[in-house]
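A.B. asks: Chain A is already provided as a structure; the job is to place chain B on it using the hints.
One letter stands for each residue in the lines below.
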Amino acid sequence: MSLLPFILILFLGAFAAGFIGSLSGLGGGIIIIPLLSVFLGVDMHYAIGTALVAVIATSSGSASAYVREGITNMRLGMFLEIATTIGAVVGALLSTNAPTSLLAIIFGATLIFSSLNSIRKKEDHLILPEQGSILAKKLKLAGHYPTASGEKTHYSMTNILGGFSMMGVAGMMSGLLGIGSGAFKVIAMDTIMKVPFKVSTTTSNFMMGVTAIASSVIYIQKGYIEPTLCMPVIIGVLLGSMVGAKILMKANTKKLKLFFAVLIFIIALNMIYNGITGKI
Amino acid sequence: MSTTKFTDNQLQSIIGNVLRYGVLSALTVTLLGGIILLAKDAEQVVSFSTFVEKDQNLFVVFNTIFQGVKDWNGASIIFLGILLLFLTPVLRLLLSLISFILEKDSLYVVITLIVIAVIILSVSFGFSH
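Which chain is which? The protein sequence lines are A and B, in order.
Each residue of the first sequence is one higher than the last, beginning at 1 in this note's numbering.
Each residue of the second sequence is one higher than the last, beginning at 1001 in this note's numbering.
Excised from the complex, chain A in its bound form (with noise of 0.2 Å):
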């Protein structure tokens, strides 16, 4: 294909990855990889690297409006980043050494986990300051936030260790597969460490950037990084986030969430008969 066609093409599909990725809550990365590899052909090892790349001007795009608002955990996000970093530096020296079916068979078992994920029903919890666990004290994690009406909401949280490990894993895939691992990172932060919904979303977003850097420093000496393929992908994400999100505060999520998750689970099968028939 040459050159125009392949840039458009991949500009409106990066354009569909970050709309879908917004409204349905998974990351933008995560629809980038499939739409290369499987439609256009690309090497998952390039896929990786674009997706990567996506993730980074995604996330940092929005932290900024929630850093300003003073939801984020900046120490929670400092913390964790320990774990993800050391995750991500390990994922990638893996993925860099890993042949390319097994990481389309690994991507497509996570893909189904998200999607599973993306439409569990959650549960918020709330652990007041004097609550927290004795880590949490010592590391002034606990924090708060502003509500609608304008007030602070106190909240500390618990089982640090856990979550902990758990984001060093979070971390491992982002740099395994390029993706931001949201899915991980919402069971370290809500199910493990009980963090508000609103902090642990946020910070989640807040630490890819940084999460997104350890790995891609040695995705770049590797050669995972290609221009062409990037620029329309970086633009067409971040067009497409942006739309997504103007349309979630009307749409009912329900059903899109319901839907995104189908589609998305029958990608990852695709994904995972590609890899073990050796075409990807």
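It is possible that part of the hints are untrue.
To be verified - Distance condition first, Cα-Cα at most 16 Å in a straight line; then the derived EDC-like pairs of lysine to aspartate or glutamate:
{"hint": "1", "chain 1": "A", "residue 1": "LYS138", "chain 2": "B", "residue 2": "ASP1105"}
{"hint": "2", "chain 1": "A", "residue 1": "LYS198", "chain 2": "A", "residue 2": "GLU151"}
{"hint": "3", "chain 1": "A", "residue 1": "LYS140", "chain 2": "B", "residue 2": "GLU1103"}
{"hint": "4", "chain 1": "B", "residue 1": "LYS1054", "chain 2": "A", "residue 2": "ASP43"}
{"hint": "5", "chain 1": "A", "residue 1": "LYS137", "chain 2": "B", "residue 2": "ASP1055"}
{"hint": "6", "chain 1": "A", "residue 1": "LYS140", "chain 2": "B", "residue 2": "ASP1105"}
{"hint": "7", "chain 1": "A", "residue 1": "LYS140", "chain 2": "A", "residue 2": "GLU130"}
As the list claims (entries may be wrong) - Simulated coverage check for chain A against chain B, where a stretch passes if three residues somewhere in it have a Cβ under 8 Å from a Cβ of chain B:
{"hint": "8", "stretch": "2-12"}
{"hint": "9", "stretch": "17-31"}
{"hint": "10", "stretch": "45-58"}
{"hint": "11", "stretch": "63-69"}
{"hint": "12", "stretch": "91-98"}
{"hint": "13", "stretch": "152-160"}
{"hint": "14", "stretch": "209-215"}
No wet-lab data here; the hints were simulated from the structure.
Glycine is no exception: its CB is placed at the ideal position from the N, C-alpha and C atoms.
C.D. replies: Chain B only, in chain A's frame:
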């Protein structure tokens, strides 16, 4: 106590702006590179079906990019935009470090330094492994 609060809020707005303008400038440079690339090579046939593994030191990569930018090479300018994008979270890390130093929060100065060390180490891990 009141000074700590002040730096915290100020830092939030500085970090928020760094993230925003970082992404915006990266986007602008990437778009410019894309236009130059298309103006020159729109008809060229492309394929990325086979991965060519490289094993280049980060500094060699930087050097090649800057040489290409001087020659108005579209792909190199896109890569420069991507580097700007990568620089945004790095700047964010350094700003957090400065704020923790100002707040005399030695525990978090150490935590931030560990994260920076992991990233610096990954530069050497990525090469010839």
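A.B. asks: So, for every hint listed, does it hold in this structure?
C.D. replies: Going down the list of hints, with the structure as the test:
1. Restraint check for LYS138/A and ASP1105/B: the C-alpha separation of about 12 Å stays at or below 16 Å, so the hint holds.
2. Of the pairs offered as hints, the one joining LYS198/A and GLU151/A holds, with about 14 Å between alpha carbons and a cut-off of 16 Å not exceeded.
3. For a cut-off of 16 Å, the pair hint linking LYS140/A to GLU1103/B stands: about 13 Å separates their Cα positions.
4. A C-alpha spacing of about 14 Å is found between LYS1054/B and ASP43/A, which places the hinted pair at or below 16 Å, so the restraint holds.
5. Distance hint between LYS137/A and ASP1055/B is unfulfilled; the C-alpha atoms sit about 44 Å from each other, more than 16 Å.
6. Proximity of LYS140/A to ASP1105/B is assessed by CA-CA distance (about 10 Å); at most 16 Å being required, the pair is judged to hold.
7. Under the criterion of a C-alpha separation no larger than 16 Å, the hint pairing LYS140/A with GLU130/A is consistent with the structure, at around 12 Å.
8. Taking a C-beta to C-beta cut-off of 8 Å, the stretch 2-12 of chain A contributes 5 residues in contact with chain B, enough for the three needed, and the coverage statement holds.
9. Counting residues of the stretch 17-31 of chain A whose CB lies closer than 8 Å to any CB of chain B gives 0, which falls below the minimum of 3, so the coverage claim is violated.
10. Counting residues of the stretch 45-58 of chain A whose CB lies closer than 8 Å to any CB of chain B gives 5, so the stated coverage by that chain holds, three being the minimum.
11. Only when three residues or more bring their CB closer than 8 Å to a CB of chain B does the claim for the stretch 63-69 of chain A stand; here the count is 5, and the claim holds.
12. Counting residues of the stretch 91-98 of chain A whose CB lies closer than 8 Å to any CB of chain B gives 3, which reaches the minimum of 3, so the coverage claim holds.
13. With a cut-off of 8 Å between beta carbons, the stretch 152-160 of chain A has 0 residues touching chain B; three or more are needed, and the interface restraint is violated.
14. For the stretch 209-215 of chain A, the stated coverage by chain B holds: 6 residues have a C-beta nearer than 8 Å to a C-beta of that chain, and at least 3 were required.
Violated hints, in rising order: 5, 9 and 13; the structure is consistent with all others.
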